[in-house]
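Undergrad: Here the protein sequences line up with chains A and B, keeping their order. Going from the first sequence to my numbering is simple: count from 1 and add 81. Going from the second sequence to my numbering is simple: count from 1 and add 81.
Treat each hint with caution, since some may be false.
[What the hints assert, rightly or not] The calculated BS3-like cross-link candidates involving lysine-lysine, where the alpha carbons are at most 30 Å apart (straight line), are:
| # | chain 1 | residue 1 | chain 2 | residue 2 |
| --- | --- | --- | --- | --- |
| 1 | B | K186 | B | K232 |
| 2 | A | K143 | A | K133 |
| 3 | A | K249 | A | K176 |
| 4 | A | K171 | B | K232 |
| 5 | B | K223 | A | K150 |
| 6 | B | K249 | A | K127 |
| 7 | B | K232 | A | K145 |
| 8 | A | K133 | B | K176 |
| 9 | B | K176 | B | K145 |
| 10 | A | K186 | B | K210 |
What the hints contain is simulated information worked out from the structure, not anything from laboratory work. In this text, all values refer to a predicted model and were calculated from it rather than measured experimentally.
Protein chains: 2
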Amino acid sequence: MISKNILLQFNNKNKTNFSNRGMNLENDINLANEYYRINDIAYIYKKPTPIKLVDVDYKLGKIKEAYFKTPSTTDYNGIYNGKYVDFEAKETNSKTSFALSNIHKHQIDHLINVSNKGAISFIIVRFNKLNENYFLSTENLKEFIKNNKRKSIPIDFFRRYGTMIKIKYSPRIDYIEVINNLYFGGNKS
Amino acid sequence: MISKNILLQFNNKNKTNFSNRGMNLENDINLANEYYRINDIAYIYKKPTPIKLVDVDYKLGKIKEAYFKTPSTTDYNGIYNGKYVDFEAKETNSKTSFALSNIHKHQIDHLINVSNKGAISFIIVRFNKLNENYFLSTENLKEFIKNNKRKSIPIDFFRRYGTMIKIKYSPRIDYIEVINNLYFGGNKS
């Protein structure tokens, strides 16, 4: 029931929130999504973390015992310009590569499944120590997995096949701009 | 932090699960979604219930105190046939109407927002005591709200403007069949 990977992610998130308040990738994406909603550009939300309830006081609405579950899908999905959008966002402290173990196998399967159905699906990876953010489409992710036995994607692969997301003022992580350039010929909706 | 409406829903869900195992609307929809995924028809998931964490033992991955939050979006979303699909599902024990108070105002706003962006969005309402299930598009829901001061939608409105979802063997609630008829001219993908 308790996944070590999930625990690690929660621990890391907690630490990041304290040491680097408002600057971690998840916060940047949540703020971008809020910006898109306020400006009626896109409706993309972070999914709540799935929880296994064990002991609940329904009278008080209080959860007294519960555990984190492994998510079966990605963290973010929604709609932009008539298209279903679905992605996962991860940070890494490595300067040279992104370990595929950061993404669950069923999350990769999910990205591929929705991509096959016509979704705009991708991953966003932040290299913390390089201060670089990349957008990598599921197609490119799939290609890498197909052609490589390596368990991590070298940064050069992101630089060559991905798109760097430059940090802007507002929103800091404007991934919809990348989607516009890649899927809509640079036209804003 | 604790919404009475949410508590009520959780209480009801709990009771339904015990008294009517495997037969409530949420279960039927979850099973339909599983059927669609297994058969590579659609990838639609129920979103986890949002939780406000108060006390967590990250070492054990154990949540020791948390509360239910009001969801900001609908329960279900995903992709079918290249289209973003988004909906809310509710049961009512009334034989004559569906009280709009069952759906949060921001959930209705969300349905309208995504519909304006090109989503296939709708509500599914089960009239428990009539054993009738209806699919009502956001367009029709919006029309009703615009033209009526009533706080509940009479069953006749569902019968006239909605589509009855007949109970089948598998999946019991085949709402994709309704989507096919309404949005794709009856052609299966």
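Undergrad: Run the structure past the numbered hints and jot down the numbers of the failing ones, going up.
TA: 4, 5, 6, 7, 8, 9 and 10
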